[in-house]
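**Q** Using the sequences and the hints given, assemble the complete structure.
In the working numbering, the protein residues as written are 33 to 146.
Hints are not guaranteed to be accurate.
Stated by the list, open to error - Calculated pairs, EDC-like style, for lysine to aspartate or glutamate (alpha carbon to alpha carbon, straight line, at most 16 Å): (1) 91 <-> 38; (2) 86 <-> 38; (3) 105 <-> 88.
Said to hold, decoys possible - The calculated label-pair distances, taken between Cβ atoms and stated as ranges, are: (4) 73 <-> 103: 18 to 24 Å; (5) 110 <-> 138: 33 to 39 Å; (6) 134 <-> 44: 26 to 32 Å; (7) 49 <-> 109: 32 to 38 Å; (8) 77 <-> 52: 17 to 23 Å; (9) 124 <-> 80: 16 to 22 Å; (10) 113 <-> 80: 17 to 23 Å; (11) 119 <-> 42: 18 to 24 Å; (12) 134 <-> 71: 21 to 27 Å.
No wet-lab data here; the hints were simulated from the structure. As the structure is a computational prediction, the values presented were derived from the model and not from experiment. Glycine included, every Cβ here is placed at the ideal spot set by N, Cα and C.
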Amino acid sequence: MKNSKDYSSIFWIHMIVNLILYSSWILFSWYWILIGEVLLQIQYYIFGGCILTKAEFGKEKEDTSCIGYYMEKWGMIKKNTPKIKFFIRDISPWIVFIIALIWQILLKNNPLLF
Numbered sequence: 033m034k035n036s037k038d039y040s041s042i043f044w045i046h047m048i049v050n051l052i053l054y055s056s057w058i059l060f061s062w063y064w065i066l067i068g069e070v071l072l073q074i075q076y077y078i079f080g081g082c083i084l085t086k087a088e089f090g091k092e093k094e095d096t097s098c099i100g101y102y103m104e105k106w107g108m109i110k111k112n113t114p115k116i117k118f119f120i121r122d123i124s125p126w127i128v129f130i131i132a133l134i135w136q137i138l139l140k141n142n143p144l145l146f
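**A** See the structure below:
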């Protein structure tokens, strides 16, 4: 499963963006996370997927997600499937949002940044 674009500059940008997004529950206020989630879903609708994934893999891997691709490559999952793509694109952002609500509203913690 070798791709000529593995670990390119797009990969590293994508990795940093994903790390920020998955840690956003502690970094940003829940309302900024909600705005980001809405913008993310608009991006998926307008462009038919993630623009960074498209830049990284092109048309050769339209049925995958960056996270799923590398989880399979690194042996963390057996096969990158549409169910994994659905979870990563549609479920996990809302999980991050719910964690932010719990952390910030129920537990009364302030975000680290804004």
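**Q** Now, for every hint given, state plainly whether the structure supports it.
**A** Now for the hints, and whether the structure bears them out:
Distance restraint check for residue 91 and residue 38: the Cα-Cα separation of roughly 15 Å lies within the 16 Å cut-off, and the hinted pair is therefore satisfied. Among the hinted pairs, residue 86 with residue 38 is consistent with the structure: their alpha-carbon atoms are about 13 Å apart, no more than 16 Å. Restraint check for residue 105 and residue 88: satisfied, since their Cα atoms lie roughly 15 Å apart, inside the 16 Å limit. Between residue 73 and residue 103 the CB atoms are about 22 Å apart, so this pair conforms to the stated range of 18 to 24 Å.
Between residue 110 and residue 138 the C-beta distance comes to about 36 Å, which sits within the given range of 33 to 39 Å. Against the hinted window of 26 to 32 Å, the Cβ-Cβ separation of residue 134 and residue 44 comes to about 31 Å, which satisfies the hint. Between residue 49 and residue 109 the C-beta distance comes to about 21 Å, which lies outside the given range of 32 to 38 Å. Take residue 77 and residue 52: their Cβ atoms lie about 22 Å apart, and the range 17 to 23 Å holds.
With their beta carbons about 19 Å apart, residue 124 and residue 80 fall inside the hinted range of 16 to 22 Å. Evaluation of the 17 to 23 Å hint for residue 113 and residue 80 yields a pass: the beta carbon distance comes to about 19 Å. Remark: the range hint 18 to 24 Å for residue 119 to residue 42 is upheld by a beta-carbon distance near 22 Å. For the pair residue 134 and residue 71, the supplied restraint of 21 to 27 Å holds, since their beta-carbon distance comes to about 22 Å.
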